[in-house]
Structure formats: C-alpha cells, structure tokens
Amino acid sequence: MQSYLKPATEWELQRTLLDASASNTPVEIVGNGTKRGIGREMQTAAQITTASLTGVRLYEPTELVMSARAGTPLARVESDLASRGQMLAFEPIDIAPLVGGERGAASIGSVFATNLSGSRRISAGAARDHILGIKAISGGGQSFHSGGRVMKNVTGYDLSRALCGSWGTLAVLTEVTFKVLPMAQETATLLLFNIDDAIAVEALAQAMGSPYEVSGAVHIQAPLAARLWHQGLAGERQSITALRIENFSTSIAYRTERLKAVLKAYGEVHVLDHDMSISFWDEMRQLSVLQGSSAPLWRISTAPHAGPKVVAGITRFMDCNAFYDWSGGLIWAEVLPTADAGAADIRRVIASVGGHATLIRGQPAVRSAVEVFQPLEPALAEISRNLKSVFDPAGILNPGRMYAAF
Amino acid sequence: MSMIAMPAPDQAIIARRGSIVRDLERLIGAKAVIGDEDGRRAFETDGLTAYRCKPLAVVLPGTTDEVSRVLAYCHQHKIKVVARGAGTSLCGGALPAEDALVIGVSKMNKVLNIDYANRTARVEAGITNLGISAAVAPKGFFYAPDPSSQLACSLGGNIAMNSGGAHCLKYGVTTNNVLGLKMVLIDGRVVDIGGAHLDQPGFDLLGLIIGSEGQFGIVTEATVRILRSAEGARPMLLGFGSSEAAGRAVSAIIAAGIIPVAIEFMDKPAIHVCEAFAKAGYPLDVEALLIIEVEGSEDEISALLGHIVTLVQPFAPSVIRISESPEQTAAIWKGRKSAFGAIGRISEYYCMDGTIPLGRMPEVLTKISQICSSYGLRVANIFHAGDGNLHPLILYEANDPDQVEKAELCGAEILKLCVAVGGCLTGEHGVGVEKRDLMRVQFSQDELVMQMRIKTIFDPHWLLNPAKVFPLDGREAAAAA
Ligand SMILES: Cc1cc2nc3c(=O)[nH]c(=O)nc-3n(C[C@H](O)[C@H](O)[C@H](O)COP(=O)(O)OP(=O)(O)OC[C@H]3O[C@@H](n4cnc5c(N)ncnc54)[C@H](O)[C@@H]3O)c2cc1C
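Protein chains in written order, with the numbering used here: chain A, 1 to 406; chain B, 1 to 481.
Hints may be right or wrong, so weigh each one.
Unchecked claim - DSS-like mimics (lysine-lysine), calculated; alpha carbons at most 30 Å apart, straight line:
#, chain 1, residue 1, chain 2, residue 2
1, B, K139, B, K31
2, B, K139, A, K260
3, B, K170, B, K139
4, B, K54, B, K110
5, B, K334, B, K279
6, B, K31, B, K54
7, B, K139, A, K264
8, B, K334, B, K139
9, B, K334, B, K268
10, B, K110, A, K309
11, B, K416, B, K367
12, A, K309, B, K139
13, B, K139, B, K110
14, A, K260, B, K54
15, B, K107, B, K78
Worth flagging that the hints you see were computed from the coordinates, not collected in a lab.
Isolated chain B (complex conformation) (with noise of 0.2 Å):
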C-alpha cells in the first residue's frame, strides 16, 4: 500500500547526516546511534509494513537526559523526530521518514520501582505492557490494559496511542490507568505530570498527552495503577447462528447488570482461522463466537456463568462450553489473542480498528461483507463487543500491488461506514499516517485546526512525528502566532 502521500523530506537534512550523526555520538555515545544502512532498515517500519522508510538515523538513548540532551539537539538544529517504543503501531504511528531522526526508548526498559500501599508502579517508558504485570504479578498484581500485542509493545507507544485490550470492558484503556508521566519536550525541557496521586491539579494534562501519537514529546517514563488480581478468572464459549443473536446476547448479559471483563466476538471466518492455529475448541460450526471471561472466586465464577447461560437461552446458543482447566483457558485465549498470527499464516491481511454502536452489529458486518465482497477481497471479523470495538480483518495478496490498493480502499470504507453509524475511525490503533488522511471525516476543518494548534503550543516547529494524524493541506492555519 503506497497510496498515502508523505511530505517531500528536506534534502538539506538528509545532506547533513554525517554531521548529525557525528554529533549525537558525541552528545549520548557512538554505541546509542545508528547511521549505517543496515542498522537504519532495521526501523524502516513498524506494524503497517506496507509502508517503508528509511530514517536519518537512530538514537537508543538510556535516561530521559539523554533523551533530552537529543532533543534540545534536534529542537536547535531542525531536524524531525519520530519516537518509538516497540513499532508495533498497526496505523504506522512509528513510521520513519528519510529526514526524520528515530528516538527509540527500547532501552530504557527498567522497573523503577513498586508501591504495594499506593497500588502504583512507576516504570521507564521503554518497558513492554506485559513487562509491568510480571513484575508486579509475584504479589497477585497485574497491570489493566491488555492489547493483544503486550509481550512486545512498549508503554511509551501505549500511552501515545492510548492503547486498550480485550479486558478493558472492566478496567479501562490506557488513559484510565496512567497516573503521571515524565515527558521531554521538544526544547529538551522535562516535565513531570501528574504522579502517585489520584488527580491532578489545573487542566487535565494527562488525559490531553495520553493518546496525542508522540506529537507532543518523548515520555520517557510514567507512574501506573496496578491492581490486584481477582481471586480467579474463567472465560465461556457461546457459539450462535447469527451475529445478530450473538449481539442481543451481549445486550441482555449488560442489560441484567453483569459487567464481565471481555466479550470477545467472531465471526465465522475469524473463528476458522484461529481455531486452525491454536487449537482452541472453538466450534466450527456457528456463525458467531462469543468468549465471555467474568472473575472472582470459583463459586461466584461459577454462579455468573450459570446466570449468563440463563440470560442468552432466548437467543439459542448452539453450543455453551465452559472452560474446565487453566490449560483450556489459556487455550481459548491464546485463539483469540493469536488471531492476528493466525490470519497472517494464511494471508497478508489488514487490521481495521473502527468502533461501532452495539446495536448496529449486524447490519454493519453485513455491509463490510458487502464491501469487501464487491473489492474481491475476503474479511473476518473480530469485535470487542462490550465496547463496540471492531477489527474487520481484509484479507489481501501483498505481492499483488492491485490486491492491496482494494484492501485499502476496502478499508477507507468501512471506516466511514463505521462514523456513519454513529461510531469512530479508530477505537486503539491510533490515526497515524494510515488514518490520517481521513481525518476530516470524523472532524471539520476548524476541529482540525484547534487541534493543530494544540500541537503547536508542544511542539512550535512541528518537528515532532509531523507527517501523522493531520492530512498534510490546510495545516498552515495552526502555524505559532
């Protein structure tokens, strides 16, 4: 896919980088900076690998003053930057550019330190999402978010994207389990926001830096909730004939006031695939999947499954399975959380992230299958479904450059089909350069600009990951008064 312009990158620039890269050697060590070929490929791209670029080196910087003694560097001499944690953006949020300078943070990966009493934990930015629960998990403690990328993706590009998971349906995103962060600014200035406490004094800084795609500095690290873990966890099987049974199902577990912790949906297509990969149990047979995972001790999982198993019978499941061992938990969970893997051994595919009103489920997939039907192209779908979250999956030929021009359009379209239905362009992916571009379907040119002009105040020069989230005409109205 090649179809989203990038800006023109400054020559003058990319004619200096001998220089640049002599110079961030002696300002953070030759051993953080890349400058060769072979080392700069190695972040030509991140999740969205249809898109490649080269970037005008890399700095791995180890401490936020190295981070920002590179900053104040780059601020001074004009030079872009992209940060970048793990590159697993699926919107190419880590995406290079030839004149940009990529500032990795994947060394600066350390626990520093836990706090039981005040159930937090302040971490570098570098560190994976998992890397947080295994630390704090030897006391029963676990931290929320889950996306289903967590044993490589890094908080820092959580925290830029506002990342979610499967069991956010409880817990919430990102945003909502984040309680102070340690930024660098363009300037190289460090700020501390917020901390251990539960709020935080004046506007709310956090929640505007918390999904701003590294457009606003470098967090280099942050202050976290853990939680404890519930006593024990187990996920059930709900297998129906329509997606449409499978949604009013949903509908009538939260109508009887049961939150659980993630209802996951498939479709068939979806559940085929993963079913081939991991072995899961999943049957083949139903045009819809729900697992539906509630927590507790046992008897109280125990009683919440029989009440959801009573509240969907009118909705005739063919098939109820609950899981029996720890071993068939984690079998069902690793269907669902390898999906992606899974589809990917079968084809080069393309991750939509939109959201969608509960209630326009089935009419939506319906007309995604439309969609891409009339692109040639085939979709499965896998869906948050206690929080609208849809992630159509279009299969595509990557070598066939025709194939992946029609997985694009296929996929423009059914993100406006989701705004047209009441929901939004992306629900955790982020926008990115992938989404960039449609950006004005969500919002009018005057949004943009107020939001442009948010960046300006962080970043006056735009060097920060410039070439993302806004489409490249009519930015000029943002520029610094």
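Bound conformation, chain A alone (with noise of 0.2 Å):
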C-alpha cells in the first residue's frame, strides 16, 4: 500500500490535488480511514488523509454551533461538547468496527462525508441536517465554501448538504461546521420483548406518532438480540424492541407513563432507568448486535412501515437476521455470504416495496462484483455524473467508489 500523503494546511492540500488533477492522478481520500472497507473496490496511485488538519475553530454553545477542521477526531468533538452539556443530536454510529476499521477513531469530516446517523435520526435529523456551512477543495483544486456559522442560510444553493453523502468524491472537506444541541437531563426506555417484526414495527409507529417525543426506536431480533453486551440484557433470547424518551428529569416519569399506556396493547412494558439507557442507546450506536460476525451486511432504508415487508421479501429469498432502526425505515440485514451476497434478489424485493440497498459488509472480491450502491435511476444518475464533473473534472476523487462510472 501506497503512503498517505497528510497536508498540514489547505493550502498544501490545495496543491496537491491541483497537481493530482493536472496529471489524472486518481487519489484515495480518507480522515482517519475507519470506513475505508465501504464502497466499491478502488486501485489510486495515492492517498491523502486529512489527520493533520485538526482542532475545533470555533464554539457558541449559547448558539448551538461548532466549527471543526474536518479531520479533528469526532471523540474530540464530543468530549468538548459534552464539558457543556452538549452533543451531536444525530448521534453518529460508529460503523468501523463492522468493516475491520479502529473503533472509535472516526473524524468529523468523514460524518459527514458519509452522512451517518444514529436512532436519534428518526426525531432530530441526519447529520446532513444538521451541517451549518463547509470549506472544502474540490477534486479540481478549487478551494471553495458553502453556508456559514448562522443556524439559517439561503445564500446560494445549498452545496453543504450536497457533499453530506457523498463520500469524499466530490471535494475534500477541510472544515465543518455544525449544529450542536443540549443533551437531555434524562434518558428512560421502554421495551417490549419477544414480539414478531410486524407487530413490532406497529407498536414503534404508535409510539412515533405520540406527543411524547420519542427519539429512538429500534426493533432487534432475537439471534441479534442474543449479540447485546448489555448488563441488563445479555443474552436475551427473544427480540428486543425499544423507545427512547428523553428530557427534563420533571418529564421523565409522566412521559414514561403515558407511553407504557399507548404500548400496553403489544405486551408487557419493561423500563430501562438513565444508566442502563444510557448504556443501551450507546451500543445501538456502535451497532454491538452488528458486531462479531463477517457475514454480509446490508444496510437498506425504506419507508419506516415498509421495513417488515422488506425483511418478509428478503426472507423468501435467503436466511436473513434484521436490526430495525428509525422506527422501521431502516434495516441492517446479515445474509448468508454467496457470489452477489444476496444483492440482486435484495434490490428486487426493494424494487417493488420501494427504498434503497448499501452493501455495507462484504468480501472485496464482491465489493468488486456488485453495485454496493443501490443503482440510480437512469436521469439521477445523469444529473451525479455531472455532479461529479463540476466539482471533479478530472475524476481523480475516489474514483469508482459509490459508482463504477464515476
């Protein structure tokens, strides 16, 4: 493996990739490289990482905003923010672990390069929400901005959000800069066990649709379950299905109550206190019932009542164990591994049910083989091709990594 090349400044990392597009010199573009075993298989004759341009520029915690050169840790930026009581509300999972990547060594760039999110998705938004503004180069050269430090920006089209998601191959982000949000006083969860995923699915919904402001829902079946390293609930045998409420400790018990009552009908509702929530919502998000297994993963987004008939279609086709977040919409699947890990029957039960399929976990020689991108429709696809070649004329940005032809 090549060495990484790691500019201290952006104005060195500028130069580098002006000379890399002026020579068609395909890069691999990475933080601190946690995530590298996701998306297609790529051959670069270099590798630029951001690990050097650190340090958090800037902190309002009275205007919930932070500002952060892109390759500063993410623990980094959670620890400055939670010595004010604060936090990432879209709470980022940390995927690494699931692909052989460190854990816990993520940089904040590369959150929002992948747009990851956690259960609080389902209430406060994805990290695509909640970028503020971003600096970046573009695979071009072209040192350019977007957005700014101010909660509501409509200045010009909204290019921040565009790089979310994009996974370094439009632009190399340099600094991010985010909304941040008060961590609440107090956390409880509700759970209902041993229950099918239809159902279940049913009971997050009512849930979702209550006032009670519910910001996590997850339904975890029971050869996942059996994975939780939870003190609480290690080795459960049966499915685990959980409501997060969060808040001021005066509205902890009465929202509690009032949900146990919407849930009632759906079996017997057990309570996690703060600790033991807390404990739980942060194995969701480093994906532990995920963890310890190398068979494929996919990891599909639909629409949230959609998620047991997905599983239900994929289920006709192959063995299939489902963790539900989002209140359903989105669906971690571990198949067994074959030629095309289960791709093309997966995409064609999406197909009809509607959504979207990202081969999360798999052998590099099926990264190589099928789309791990859930294909785009024939326009769209047009409309990112050009995308691509405003901000990476050369195709030099991770080339071939969501999409083989760009």
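Quick one: dock chain against chain with the hints and give me the complex.
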C-alpha cells in the first residue's frame, strides 16, 4: 500500500489536488481511514488523509454551533461538547468495527462525508440536517465554501448538504460547521420482548405518532439481540423492541407512564432507568448487535412501516437477521455469504416496496462484482455524473468508490 | 425601487407571443393559458412589489404531465420560464420577465396521500403551507415549517426558497422536513427524488434542489414529514430594558439546555406597530420584547416557563407575562405573525432577511439604526433570536423615488453588515433579484462559477428563472461545456 500524503494546511492540500488533477492521478481520500472497507474496491496511485487538519475552530454553546477542521477526531468534538452539556443530536454511529476499522477513531469530516446518523435521526434529523457550512477543496483543486455559522442560510445553492453523503467523491472537506444541541437531562427506555417484526414496527409507529417525543425506536430480531453486551439484556434469546424518551427529569416519569399506556396492547412494557438507557443506546450507536460476524451486511432504507415487508421479502430468498432502526425505516440485514451477497434478490424486493440498499460489509471480491451503492435511475445517474464533473473534472477523487462510472 | 437591472428581453420571442399562446393552448387547453394583457398583469409582481414586469404569458397547468409538455415545448423553442407558486416571495424570486413564460402551480393543490403510520404526506406543490397542516390536524399532526405567509404561500415556493418560520428553532426549515420530490426537468423529463424513506441513495440531490429558487426544474409534488403535535404549547412575553439584556436572556435559556419551540425578538418600534394592530397586550414601555413558546403537557409547560423565568432574572425583565388562555396565545402570535401586515398599514416597508450570530445582536441593532438614520429612514426589527435570523423592516415612502432608492441602498448596507459580523445575506427569503448583485459580498467569482455550473447541469440553456440569484456579469464561464 502506498503511503499517505498528510497535508497540514488547506493550502498544501489544495496544491496536492491541483497537481493530481493536472496529472490525472486518482487519489483515495480518507480521514482516519476507519471506513475504508466500505464501498467499491478502488485502485488509486495516491492517498490523502485529512488527519493533520485538526482543531475546533469555533464553539459557541449559546448559539448551538461548532466549527472544526475536517480531521478533528469525532471523539474530541464530542468530548468538547459534553463538557458544556451538549451533543451531536444525530448521534453518529460507529460503523468502523463492522468493516475492520478502528473503533472510536473517526474524524468529524468523515461523519458528514458519509452522512452517518444514529437512532436519534428519527426525531432530530440526520447528519445532513445538522450541517450549517463547509469549507472544501474540489477535485479540481478549487477552494470553496458554502453556508456559514448561522442556523439559517439560503444564500446560494446548498452545497454543504450536497457534499454530505458523497463519500469524498466530489470534494475534500477541510472544515465543517454544524448545529449542536443540549443533551437531555434524563433518558428512559421502554422495552417490549418477543414480538414479531410487523407488530413491533406497528408499536414503534404508535409511539412515534404520540406527542411524547420518542427519540429512538428500534427492533432487534432474536438472533441479533443475543449479541447485546448490555448488563441487563445480555443473553436475551428473544427479540427486543426499544423506545427512548429524553427530557428534563420532571417530564420523564410522566412521559414514561403515558407511553406505557400507548404500548400496553403490545405486551408487558419494561423500563430501563437512565444509566441502563444510556448504555443501551450507546450500544446502538456502536452497532454491537452487528459486530462479531463476517456475514455480508446490508443497510436498507425504506418507508418505516414497510420495513418488515422488506425483511419478509428478503427472507423468501435467503436467511436473514435484521436489526431495525428509525422506527423500521432503516434495516441492517445480515445474510449468508453468496457470490453476490444476495444483491440481486434484495434489490428486487426493494424495487417493489421502495427504498434503497447499500452493501456495508462484504468480501472485496463481492464488492468488486456487485453494485455496493444502490444503482440510480438513469436521469438521476446522469445528474450525479454531471455533478461529479463540475466538482472533479478529472475524476480523481475516490474514483469508482460509489459508482463504477464516476 | 428599480435599481436592479434586468437582462434585455428577447424581442424575437415577444414578437411570437400570439403563436406561442396558441401552441400552449393546444398543448394544455385554452382555459389554462393566459395571454391577454389584463390577465398577465395579475402576475406582474410578487412580494417585492417595487419590481414589476408583465410576463410573456402565463400557464396554470393542472397535472405533472401538463407541466412536462409545457417545459418540453419551452425547451424546444428556447423560451424562458419563471415558476410561480403564490407569488409571496419577498426577494423577487417569482418576478416575471417580458420574454418569459410564467408557469404557476397554484391549481395543483391536492393532498395525494396521508400516511400516518409513516408520518408522511404526499401533496401537490401548489398546496398552501397551511393547507398541509390543516389536512392532518384532525389526527393531531402538523407540517412543521411555518413561514408567516403560510396562509398563502405554496409548498413549491417553500421548497424553492427553503423557507423557515418562527417554530424552526425546534423543528428545522423546509429542507429538514421534505423527504421526496417529483420535479419536471427543463426538457420535460420527470424525475422522482427521495420518497417516504428517510435518506436517499447517491448524492443528496434533494438537499441541492431545495433552495435552488426555481432554477433547476419545476417541482410538482412532494413527500413531507408530518409530526405529531405536542400536547400543548404556551408562549410567554418577556420585556427588557435593552436589546442586550434580551440577547443575554436568550443565551442563558439555551445554555441551560432549553430549546423552546420559538424565541422571537422585537424591538420597540416593532412592538408598537404590532400592538396597535393586534391588541396582543404587548408592553409598550420596554426596549425589547421576547416571545418564548414552549411545548408539552400543562405541567411540563408550567415547569419549563417557571425555569425560564428564573433563568432570565439576572437580566432584569420589566415584564413577565405568561399567556393564560388560548385567546391570549392566539393574540400574541397574531401580533408577531402579522408584523409585516401591521407595519404595512403605517408605511411602505422593505423587509430585509439577514442572519447574524446572536452574540452580535446588540451591536448590529445599534449599527442598523445608525445606517437607517443616515438615510433619514426609520426601521423596526424583528428577529428569530434562537436561530439568528434578523428582519429589519425599513420604512419608506413608496411614492417618493428618492426614499425608494435610499431604502434599497440602506438595505444593501445592512446586509453587508450581516455578512461582516459572520452572518449571511439571506436566512430564509432567498436571493432572487433583490440580493442578486450582492452575492459577491459572500462568494468569490470562482465560487459563483461553481454554483452556476451546477445550474447548467439542470438547465444547459439557462431558461429557468435565469435573471435571478447570480450577478448578470461574469456568467459566461458557467456555460455548458
Ligand atoms: C407577509 C409575508 C411573510 C413572509 N414570511 C416568511 C417567513 O416567515 N419565512 C420565510 O421563509 N418566508 C417568508 N415569506 C416569503 C415567502 O412567503 C416565501 O419565500 C415562500 O416560500 C414563497 O412561496 P410562494 O408560493 O409564494 O412562491 P413564489 O413567490 O410564487 O415563488 C418563490 C420562488 O419559488 C419558485 N417556485 C415557486 N413554485 C415553484 C415550483 N413548483 N417549482 C420550482 N420553483 C418554484 C419561484 O420561481 C420563485 O423563485 C413571507 C412573505 C410575505 C409576503
């Protein structure tokens, strides 16, 4: 493997990209490389890391805003925020351990570049909903900014959001400015055990449709629930359905009772107290129930209520263990290894229900053979390809990582 | 105000009006086409009323397919197009051009599907913002972004402008609440982007399109998030002796971990005008007023408001008034939401829409008042304090051309000030024609070229709302490769 170029300044990064662009040299872009195992296999002559572009540039707790250079460790960002009782409300998941990457080592730039959002996405929005502004160097070597440090900004096109989820294929983020929010004073979790997927997702929808501001809604099938580390739940041999509420302590008891009433038709409701809740949702962030396996893993996004239908459809073709987040709208599906990791069948099921699927964990050979990211409709593929050529005319940034053609 | 130059219209197109109107009538039926002078005049302006221009013609299609046929025709004949919702844009976003066809989506206002289990609604783009909430209110749901113009403005316009509102501090703006779109491209192709799922495959085209001011295509349908309403909500009025004290109170509330649904600030002139109009019981002897609203059960609301009262004590509020009834609540919000209308009754006004970091508010307000008095104009300020969105309303005499010009110069100076303190030119109204020539205050020419090239992807011949957003000079570099 080639060695990484580690520009220490934006200017140096820009020079490097200008050279690479002029000489048509493909480069792999990484933060700390924790998610290198995701995406189509690439061949690049050089690698650039933002690991040396670190530092929190601005933090105004009372304006709910922070700016950090892209290579700043997520852990650093979160500890700074925690010291003022604040957080990234979209609760970025740590996907690295699933794909052989280092736990807890992600950079803040990568969180936005991959739009990684955790369970609270269902109430607070995704990473892309929290981005306020960016500075970046395009694949063509142009330094540019978009957005700013204020909560609302509609000046010019929203390039900040357009770069979220682009996996380093359009530009290299050098600085991100994002909205932060206060941590809740107290958290509680309501649990239901041993109910099947369709009923569980119905229960989650009931809770989400209540006025009690549920901020996490997951359902873990029994085989995956058995992998929990949680001291109160480890070794459970039945499915677990969990709902989170967060608020001032004065509200938690009231909301817990009300929500219990909403859920009572679905079985006995168990409640985790604050500390047990914190460790449970921390585990969800770490995707513990998906660790310790090398089976192909799909991330499927669909309308929440359609989740069980998608999983039932997949199960007709192959063995599948599912973990539902986002009230059923995000499915992590572990399947048995086959030549295409089930891609054809899974995408056929999704085509009839709606949504999209990304192969997160798969052997390199499989990731070279199948479309890792959901193939796009022709008109949208054309727009996306053109967008790529505006930002990266020579096609040097992570070429082929998302799609073969760009 | 007529200082902002518009491109010279294409006389050859104007000369063909008769045949173009006939062609359009053949395409979508005579009833949906307006070609006569009086009919066209009804569309000559939007919320930026100082600018007026009768369009080439107007079409009011009833289906996505009709929009598609019209756009394919315009594309083939290189006719410019201005999309229009309700025409409430305050930046001239929907301002027509003499050689451009206005495509109004107002007839496409149906609710197509409400899906409570998924908490989404699929609606046509011409539906009013409030129409969505009204459709789901019987089941206790609402559509969150709430621009003050919500009774009139369309979802299509909200999407084009990424509109916000008073309650966006907690619930986000349009882009955070739209999951999918159906859009007609300039060549007539129809694309679906996103859907009922919570994120999209590939690049975030949804994020890119929302806020693109009608320059990428015509949105005909959208899937939006609907949310369950809180059990209750109640506002409180806090009066302060200075804007600085009010600003610090806001900081203290947020620092304590409370995110109210809304924190609205008004300065003294704004308070007086709104109170005269709405009789909301606003205190008249304070320099700054905050309207703070919280949500929850009765007990939760009382606890939160009590907590806030304690937190603001160090800033010596001279008035603390918690709404005691739904009628009072309605009056308090009526005062705020009708601020524009209220001020419109005493004078013509020019509504600015900059953003600033909250910490700079007192200093910015002082400078704004200096700028305005240097032009001999009065100003009232309304501020979404929680999210830094400032609306100075510059009062002027519409039939005095000198004042008109001064108001525009004064506004430009204020927006430059916003950018200088770390804010931006527009928080929620958009660039349109109004701020088009100020874009270089915030972006370099290279950055503008990058954005213009993105427009070129969607619209290679620059037919969609072309006179807006980007300064007229320096556009050549963005031409299709
Ligand atoms: C009294 C008053 C109060 C206001 N308060 C607020 C506020 O609180 N917050 C806020 O954000 N704004 C506010 N506005 C501004 C305005 O209401 C918003 O910008 C609104 O979104 C415009 O919607 P519209 O339907 O009137 O769009 P129009 O004015 O008709 O058009 C606005 C822009 O959208 C484009 N467009 C319209 N429909 C489509 C479509 N279907 N496809 C593609 N492009 C389209 C047009 O080309 C134009 O560029 C206010 C305006 C007024 C007059």
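How the hints compare with the structure:
1. B:K139 <-> B:K31: With Cα atoms ~37 Å apart, B:K139 and B:K31 exceed 30 Å; violated.
2. B:K139 <-> A:K260: holds, 20 Å
3. B:K170 <-> B:K139: Cα-Cα ~21 Å, so holds.
4. B:K54 <-> B:K110: With a Cα-Cα distance of about 28 Å, the restraint between B:K54 and B:K110 holds, given a limit of 30 Å.
5. B:K334 <-> B:K279: Holds - the C-alpha atoms of B:K279 and B:K334 are around 9 Å apart, at most 30 Å.
6. B:K31 <-> B:K54: holds, 19 Å
7. B:K139 <-> A:K264: Satisfied, since the Cα-Cα distance of roughly 21 Å is no more than 30 Å.
8. B:K334 <-> B:K139: holds, 24 Å
9. B:K334 <-> B:K268: At roughly 17 Å apart (the allowed maximum being 30 Å), B:K268 and B:K334 satisfy the hint.
10. B:K110 <-> A:K309: holds, 29 Å
11. B:K416 <-> B:K367: holds, 12 Å
12. A:K309 <-> B:K139: holds, 25 Å
13. B:K139 <-> B:K110: holds, 18 Å
14. A:K260 <-> B:K54: violated, 60 Å
15. B:K107 <-> B:K78: holds, 25 Å
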